[in-house]
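Engineer: Turn these sequences into a full structure, and let the hints steer you where they fit.
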Amino acid sequence: MVLLLIALFILIILLEIIPLIKKQQWRELTVASVLLAAGFILSMLIMFDIDFPFLASLISDFVEKSLALPGS
Amino acid sequence: MALEKGRINSTGLIMLIFGFAVGSSALAPSGRIAGADAWIAILIGIAEALLIAAVFLLLTKRFPGKTLVEISDIVYGPYLGKIISVIFLWYFFHLGSLVLGNYTGYFSSLFLVRTPPIVLLASIILICVSAAKKGIEVITRCGVIIVSVGLFFYLLTTFFLFKYFEIKYLQPILATPAPQLLWAAHGAATFPLAETVAFLMVFPFLNNKRDTAPATFTGITFTGLVMAGLAVRNTIVLGPSEKAYIYPSFHAITTINIAEIINRVEIVASLFILSMGFLKTAVLLYGVSLGTAQLCSLRSYKPLVVPVAVLMSILALHNFPNPVEFVRFVNKAYPVYALPFQLVIPLLTLIIAVIRKTDQRDGNSGHKGLRSPTGSKRRQI
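Chains as they are written, first to last, in this note's numbering: chain A, 12 to 83; chain B, 7 to 387.
Treat the hints as calculated values from the structure; they're not laboratory data. Cβ atoms here follow ideal geometry from the backbone N, Cα and C, with glycine treated the same way. Hints may contain errors.
Claimed, not checked - Derived SDA-like pairs (lysine to any residue); straight-line CA-CA distance at most 20 angstroms: (1) Lys140(B) / Leu31(A); (2) Lys34(A) / Cys302(B); (3) Lys139(B) / Leu22(A); (4) Lys76(A) / Glu331(B); (5) Lys139(B) / Leu40(A); (6) Lys139(B) / Ile32(A); (7) Lys139(B) / Ile29(A); (8) Lys76(A) / Leu66(A); (9) Lys139(B) / Ile28(A); (10) Lys88(B) / Ile28(A); (11) Lys67(B) / Cys302(B).
As the list claims (entries may be wrong) - Footprint (simulated), chain B over chain A, 3 or more residues, beta carbon under 8 angstroms: (12) 33 to 42; (13) 53 to 61; (14) 64 to 77.
Structural biologist: Printed below as a string of structure tokens:
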């Protein structure tokens with residue numbers, strides 16, 4: 012599964028990042044690489060079963076604790 | 007070189023707003039905490055959503071041809087403006103992930119139960135990436151086709167359900183306590199009607215800028231009325247048991263059985279719901295990519311579409327542990343969470359723009375380095 016994920020990211024780099032190098036669009040290359048690297052790191056962490064809190068559940072807990080809402 | 011060359015017309019915008027908003031509400035009906043009075047809550051919600059829309063439409067009228075990122079830069083200055091833009095882009099990004107997650111959850115819990123959610127999610131996001139890369143014009147054209155056919159199918163399924171209608175399920179009318187009804191109305195306004203705030207990234211590409219406000223108001227009202235129709239239909243078909251379902255529209259359509267010939271139409275209905283979800287995700291993905299490109303002064307937004315889509319997919323899988331959490335989020339947390347993005351920040355931006363007497367002209371003269379997706383005086387790298 013990890014290999015599949017790495018293969019997927021290599022495919023994205025080949026299709027999306029390499030053309031930017033050829034066109035010498037360095038600024039676009041930097042932003043796209045940073046975003047893609049963040050995606051890669053996060054998906055690797057998920058792959059290795061590092062527990063992340065569920066975002067929407069966190070927001071729900073916070074709102075419910077902070078406010079007395081109708082229907083709560 | 008313009009970041010976006012495509013142009014859309016007002017009919018396209020109305021269709022896109024409809025597809026953007028109604029898909030999500032068909033999946034998770036708005037105003038459902040009001041029970042049988044959901045349709046009344048939605049009608050009140052339309053009024054609130056129109057008021058919210060008036061704020062961001064006044065903003066776009068003051069800065070015609072400018073996207074949200076450019077408006078923030080002009081009003082707040084280069085530093086605070088960027089922070090405000092990032093906050094907005096986060097909202098669009100998170101909304102996109104929520105929509106993706108909802109659709110994945112819908113299909114993996116009802117149809118393709120043994121398929122890993124990541125496969126369904128990847129299939130949806132790949133089409134969205136393709137559409138977002140083609141630009142807003144292509145997304146709008148898709149919207150016109152999908153919404154026209156989808157609307158026809160909506161009317162057809164409602165017609166087929168006619169024999170199952172039990173008007174008594176709507177009674178007693180207005181039995182819901184006022185605070186709960188108003189909360190449901192606010193819920194319907196924020197999800198999904200006022201989510202059209204995301205169109206601040208699309209309005210600059212309208213052919214005729216004067217059509218922006220009428221088209222948006224028409225789109226929101228039309229969507230609201232169809233949502234109210236859906237709420238009435240689900241209530242009079244399913245009755246009080248509607249509240250027990252996570253996806254009542256699906257279960258209402260499942261009951262269709264005309265002479266043992268026309269049945270299982272929920273598959274086709276779900277495909278249209280999915281198509282509208284595609285529209286919403288594509289618009290949000292496009293908005294986030296374009297906004298990020300403008301934020302970083304890039305020449306093209308297209309290289310960012312895939313990385314943003316990857317991040318959106320990861321978040322989509324980590325929003326809710328289960329569909330029940332999704333219902334809890336939509337009914338209770340989302341109306342509070344979305345309000346700053348939909349109303350507070352646009353209103354604040356408008357007030358500051360009025361106080362500082364900042365408008366399009368000042369913005370252009372004061373920020374020569376700023377890129378406009380529509381203007382011709384653009385800095386070339």
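Engineer: Please go over all the hints and tell whether each is borne out by the structure.
Structural biologist: Now for the hints, and whether the structure bears them out:
Annotation: proposed proximity of lysine 140(B) to leucine 31(A) holds, straight-line Cα distance about 18 angstroms (limit 20 angstroms). Restraint check: the Cα-Cα separation between lysine 34(A) and cysteine 302(B) comes to about 18 angstroms, which is no more than 20 angstroms; the hinted pair holds. Restraint check: the Cα-Cα separation between lysine 139(B) and leucine 22(A) comes to about 17 angstroms, which is no more than 20 angstroms; the hinted pair holds. Restraint check: the Cα-Cα separation between lysine 76(A) and glutamate 331(B) comes to about 16 angstroms, which is no more than 20 angstroms; the hinted pair holds.
Proposed proximity of lysine 139(B) and leucine 40(A) is supported: the alpha carbons are some 16 angstroms apart, at most 20 angstroms. For the proposed pair lysine 139(B) and isoleucine 32(A), the alpha carbon gap of about 19 angstroms is at most 20 angstroms, so the pair holds. The suggested pairing of lysine 139(B) with isoleucine 29(A) holds, with an alpha-carbon distance near 17 angstroms, which does not exceed 20 angstroms. Between lysine 76(A) and leucine 66(A) the alpha-carbon distance is near 16 angstroms, which keeps this suggested pair within the 20 angstroms criterion.
Only pairs whose Cα atoms come within 20 angstroms are accepted, and lysine 139(B) paired with isoleucine 28(A) is accepted, the gap being roughly 15 angstroms. Our distance criterion of 20 angstroms between C-alpha atoms is broken by lysine 88(B) and isoleucine 28(A), whose separation comes to about 25 angstroms. For a cut-off of 20 angstroms, the pair hint linking lysine 67(B) to cysteine 302(B) is broken: about 25 angstroms separates their Cα positions. A count of 5 residues in the segment 33 to 42 of chain A with a Cβ less than 8 angstroms from any Cβ of chain B is obtained; the coverage claim is therefore met, three being the minimum.
Coverage of the segment 53 to 61 of chain A by chain B holds. Counting CB-CB distances below 8 angstroms, 3 residues qualify, and the rule asks for three or more. Counting residues of the segment 64 to 77 of chain A whose beta carbon lies closer than 8 angstroms to any beta carbon of chain B gives 9, which meets the minimum of three for the stated coverage.
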